[in-house]
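Chain order of the listed sequences is A and B.
The opening position of the first sequence corresponds to residue 1 in this note's numbering, with each subsequent residue numbered one higher.
The opening position of the second sequence corresponds to residue 719 in this note's numbering, with each subsequent residue numbered one higher.
Don't take each hint at face value.
To be verified - Below are the DSS-like pairs computed for lysine-lysine, each with C-alpha atoms no more than 30 angstroms apart in a straight line:
1. Lys767(B) with Lys695(A)
2. Lys695(A) with Lys57(A)
3. Lys276(A) with Lys825(B)
Stated by the list, open to error - Rough simulated footprint, nothing fancy, chain B against chain A, three-plus residues with beta-carbon under 8 angstroms:
4. 597-607
5. 632-646
Unchecked claim - To give an idea of the interface, some chain A residues facing chain B are shown, with a C-beta separation under 10 angstroms as derived from the structure:
6. His329
7. Gly438
8. Gly442
9. Trp451
10. Pro560
11. Gln564
Derived by calculation from the structure, the hints in this document are not laboratory data.
Glycine included, every Cβ here is placed at the ideal spot set by N, Cα and C.
Read off the chains here:
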Amino acid sequence: MRNGFLTGMLMFASISSIFAQKEDSVMTGTLDEVVVRSSYKRTCSLNTVQHVDVLEKTFFREHFTGNLTQTLGHIPGVHSMDIGAGFSKPMIRGMGFSRISVIENGIKQEGQQWGADHGLEMDAFGVGRVTVRKGPSSLLYGSDAMGGAIEITQIPPPSENQWLGEVDLLGKSVNGTLGASLMVGCKKGGWFSKFRFSEQHFGDYHVPTDTVVYLTQRLPIEGEKLKNTAGLERDASWYVDYRKGRYQANVAVSDAYQKVGFFSGAHGIPDAAQLKDDGNSRDIDLPYSTVNHLKLTAHQQYGWGRTFGYLDLGFQNNHREEWSLFHTHYGTQTPPETNPNKELEFSLNTFSLSLKIRNFSHDNWEHTSGCDFQYQENEIGGYSFLLPEYDRLMCGLLWLSTWKPTSKLSFSGGIRYDHGRLNIAAYQDIYLAAYLSGQGYGGDVLESYRWRSYAVERDFGDFSGSLGCVWNPVASTLFKMNVGRSFRLPGANELASNGMHHGTFRHEQGNASLATEQGWQLDISYTYECNGLYFMLTPFGSWFSNYIYLKPTGEWSILPHTGQIYRYTEAQVTFVGLEMEFSVNFLRHFTYKVDGEYVRSRNLDEHIPLPFSPPASMCNSVAWQKKYFRIYAEWQGVMAQHEESRNEESTPGYNLWNMGATFNIPISKTELELTLSAQNILDNRYYNHLSFYRKMEIPEPGRNFQLLIKVPFKIKKK
Amino acid sequence: MKTSLKILNLCLLAVSFYAFSSCDDDKNDGDVTKPIINLEEPAEGDTLKIGAGIHFEMELSDDEMLKSYKVDIHSNFDGHVHSESLKVASGTVDFTYNHSWDVSGKKNTHIHHHEIVIPVDATPGKYHLMVYCTDEAGNESYIARNVVLSTEVEDDHDE
Numbered sequence: 001m002r003n004g005f006l007t008g009m010l011m012f013a014s015i016s017s018i019f020a021q022k023e024d025s026v027m028t029g030t031l032d033e034v035v036v037r038s039s040y041k042r043t044c045s046l047n048t049v050q051h052v053d054v055l056e057k058t059f060f061r062e063h064f065t066g067n068l069t070q071t072l073g074h075i076p077g078v079h080s081m082d083i084g085a086g087f088s089k090p091m092i093r094g095m096g097f098s099r100i101s102v103i104e105n106g107i108k109q110e111g112q113q114w115g116a117d118h119g120l121e122m123d124a125f126g127v128g129r130v131t132v133r134k135g136p137s138s139l140l141y142g143s144d145a146m147g148g149a150i151e152i153t154q155i156p157p158p159s160e161n162q163w164l165g166e167v168d169l170l171g172k173s174v175n176g177t178l179g180a181s182l183m184v185g186c187k188k189g190g191w192f193s194k195f196r197f198s199e200q201h202f203g204d205y206h207v208p209t210d211t212v213v214y215l216t217q218r219l220p221i222e223g224e225k226l227k228n229t230a231g232l233e234r235d236a237s238w239y240v241d242y243r244k245g246r247y248q249a250n251v252a253v254s255d256a257y258q259k260v261g262f263f264s265g266a267h268g269i270p271d272a273a274q275l276k277d278d279g280n281s282r283d284i285d286l287p288y289s290t291v292n293h294l295k296l297t298a299h300q301q302y303g304w305g306r307t308f309g310y311l312d313l314g315f316q317n318n319h320r321e322e323w324s325l326f327h328t329h330y331g332t333q334t335p336p337e338t339n340p341n342k343e344l345e346f347s348l349n350t351f352s353l354s355l356k357i358r359n360f361s362h363d364n365w366e367h368t369s370g371c372d373f374q375y376q377e378n379e380i381g382g383y384s385f386l387l388p389e390y391d392r393l394m395c396g397l398l399w400l401s402t403w404k405p406t407s408k409l410s411f412s413g414g415i416r417y418d419h420g421r422l423n424i425a426a427y428q429d430i431y432l433a434a435y436l437s438g439q440g441y442g443g444d445v446l447e448s449y450r451w452r453s454y455a456v457e458r459d460f461g462d463f464s465g466s467l468g469c470v471w472n473p474v475a476s477t478l479f480k481m482n483v484g485r486s487f488r489l490p491g492a493n494e495l496a497s498n499g500m501h502h503g504t505f506r507h508e509q510g511n512a513s514l515a516t517e518q519g520w521q522l523d524i525s526y527t528y529e530c531n532g533l534y535f536m537l538t539p540f541g542s543w544f545s546n547y548i549y550l551k552p553t554g555e556w557s558i559l560p561h562t563g564q565i566y567r568y569t570e571a572q573v574t575f576v577g578l579e580m581e582f583s584v585n586f587l588r589h590f591t592y593k594v595d596g597e598y599v600r601s602r603n604l605d606e607h608i609p610l611p612f613s614p615p616a617s618m619c620n621s622v623a624w625q626k627k628y629f630r631i632y633a634e635w636q637g638v639m640a641q642h643e644e645s646r647n648e649e650s651t652p653g654y655n656l657w658n659m660g661a662t663f664n665i666p667i668s669k670t671e672l673e674l675t676l677s678a679q680n681i682l683d684n685r686y687y688n689h690l691s692f693y694r695k696m697e698i699p700e701p702g703r704n705f706q707l708l709i710k711v712p713f714k715i716k717k718k
Numbered sequence: 719m720k721t722s723l724k725i726l727n728l729c730l731l732a733v734s735f736y737a738f739s740s741c742d743d744d745k746n747d748g749d750v751t752k753p754i755i756n757l758e759e760p761a762e763g764d765t766l767k768i769g770a771g772i773h774f775e776m777e778l779s780d781d782e783m784l785k786s787y788k789v790d791i792h793s794n795f796d797g798h799v800h801s802e803s804l805k806v807a808s809g810t811v812d813f814t815y816n817h818s819w820d821v822s823g824k825k826n827t828h829i830h831h832h833e834i835v836i837p838v839d840a841t842p843g844k845y846h847l848m849v850y851c852t853d854e855a856g857n858e859s860y861i862a863r864n865v866v867l868s869t870e871v872e873d874d875h876d877e
């Protein structure tokens with residue numbers, strides 16, 4: 001009976017990974033003997049019907065860049081959409097923006113993820129463990145997780161009483177990054193607490209070119225450095241964990257601050273004069289952007305018999321500002337008295353609450369039910385306008401069950417209903433109205449342009465569901481199949497925006513009658529692991545009945561500096577693709593690894609691809625490892641992307657060569673962990689199809705040498 | 719042995735996924751080719767006479783069918799920073815122009831006109847002249863030119 005209970009718990013440990021902390025607790029609290037035999041990674045994989053990538057210390061050490069999203073871009077199927085070297089947002093299987101959710105400590109991170117120049121605000125030094133879930137996850141996380149989810153969880157506290165900590169130092173040559181992070185923690189009895197402070201400063205980044213072409217104008221890049229792309233990042237976090245018997249609680253407070261300059265060409269039409277070298281490659285001049293993300297989360301759980309209850313609360317404030325020397329196309333607008341150069345400001349407050357009950361009463365069954373609430377309020381400021389003020393309330397109810405008829409086979413399924421209410425405020429641009437009437441426009445035309453946002457009040461409700469199985473016929477083989485339905489609520493920008501987007505130079509127009517975006521996905525995963533041989537194949541296909549995208553309408557906008565109007569429109573869309581990974585150990589100390597990915601999107605209404613489709617790519621690496629010394633060489637081949645959407649450029653393919661070495665040096669009672677790496681060794685000039693700077697023909701960063709030093713320490717207490 | 723069979727099955731499955739995607743290929747003929755703008759006049763850096771019509775001459779072409787073109791002119795007095803405080807002395811106004819022409823039903827066309835007239839009260843200085851062109855499918859291309867508006871300019875137009 002007891003055994004059945006244990007297997008039941010292990011089996012479900014993460015069918016959903018809803019709160020990974022509690023999985024840890026389940027395992028370390030009750031199942032110590034199982035943990036020894038089965039790694040977290042394997043347990044997680046066995047209990048999830050979708051393919052999951054669990055990333056831990058080794059991965060982060062080798063692929064550390066100081067930017068979490070760029071690090072995750074090394075997983076097949078995951079990409080990083082970059083805005084220079086500073087901001088990056090994740091993309092999974094060709095879906096990004098609001099279609100991907102990032103969850104930390106059980107609470108979904110809410111920033112300005114809809115926006116093209118937003119990045120994920122997260123301290124890369126402080127990330128313990130990441131689980132990447134490719135494919136529809138709105139069953140677990142509600143609207144927005146339809147393309148996938150990235151879960152960031154804490155490593156469980158050490159079992160013995162101790163003081164512990166670490167110092168990390170990072171240096172990068174491509175943009176002169178200097179970064180450091182300090183962590184101090186203490187475990188005593190049921191209490192564990194840790195504090196971390198990280199800071200990074202970087203200068204303008206090196207691009208292997210001396211000119212870029214933008215708006216048919218050739219612009220000089222002086223000293224092969226992209227002017228004003230310098231920035232800084234400062235993060236602090238505090239985490240407290242308490243465990244007693246079957247009760248567990250933790251509280252986390254974190255603040256992430258970033259200030260990053262925009263390449264002057266990213267705002268307005270750049271003049272050669274603006275791109276003159278100012279002699280300082282580390283200053284952050286106008287235009288620049290600042291983001292501050294404050295987050296508080298609290299988690300509690302308790303077990304009664306075979307039932308566990310979990311309560312999560314969260315509050316977040318995402319405060320983003322864009323500063324740019326006051327400019328306007330409309331003569332009557334004067335600079336504001338305070339902060340005359342503050343172009344845009346968004347302040348998004350999010351309150352989250354989630355309650356879950358899990359029951360393991362029957363040997364072969366496990367059930368989870370729960371509810372989620374989220375309330376958001378967005379406020380705006382600045383002399384320009386991009387996104388309206390709005391508030392949004394979301395409620396969701398879910399039920400998940402897992403049935404394990406034999407020890408080798410399990411089925412999991414669930415259903416979820418979400419209801420959302422979105423209330424968007426209207427916004428009138430009086431300067432634009434005055435300008436247009438000065439130009440002789442009136443009547444309906446004037447009326448349709450003066451409103452930069454329309455008042456929209458909408459209610460949405462929709463179901464998500466999934467059904468899948470995990471089959472583990474022999475220890476080496478794992479086969480999974482899952483069918484899921486997911487949905488997403490249209491965003492405020494998709495429903496109500498109207499006017500020029502200052503970053504894309506497009507007149508973008510929302511559509512208040514958009515329905516919820518709905519899709520079906522089938523994904524299959526096969527893994528084989530035995531005697532140093534590893535093989536993984538994950539094909540997938542999805543169909544969306546009404547995927548929302550910006551469609552060029554062919555109607556000219558009368559706004560200065562814009563071409564035609566782009567309107568958010570629904571279309572039938574399919575995605576198909578796969579990821580593949582193969583690795584083999586040979587000659588005792590060598591490992592060869594190859595991974596690849598392919599995704600193809602199709603807008604069935606227009607018979608064209610969707611914008612921002614990641615190109616097919618492949619990565620080959622050979623590593624030699626002996627004890628704590630490891631050296632590797634890597635060849636990354638990215639195919640040309642000719643699958644471009646309307647008004648998007650195709651991007652040529654490229655090859656990159658990277659190398660690196662990691663070694664540990666024992667010093668007194670600790671070990672110094674050194675990681676030295678070189679990226680783009682040949683200093684190739686290449687373009688990233690997914691980069692915000694792609695359309696300005698700005699190449700990606702050139703050759704980079706990087707050094708990461710980690711000094712962990714530990715003092716045992718009596 | 720069993721495992722290799724499974725791998726084979728999986729590969730077959732993958733192939734069928736591709737087959738599914740390539741079926742779609744047959745219909746993949748949405749037009750994504752942009753029209754081509756060859757703007758002959760005004761040229762980059764040209765000085766345009768205030769009070770006169772702009773000598774405008776260009777070739778437009780598209781692989782499928784053209785739709786429309788638009789000309790947008792606006793001031794660029796301080797490297798594209800236009801603010802009230804920087805405005806030149808009163809008595810003149812910033813020249814702004816926004817007009818579109820229909821060229822639908824054609825694959826190629828030669829445009830030549832003097833319809834864009836710079837009013838006599840236009841503020842002299844640096845301006846941007848942009849030409850946008852769309853085709854039937856919504857593919858769009860544009861070209862930007864730096865021009866200077868001035869009251870003193872030799873008339874070198876060949877009509």
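* Unsatisfied constraints (hint numbers, rising) -> When the structure is compared with the hints, numbers 1, 2, 3, 8, 9 turn out to be violated.
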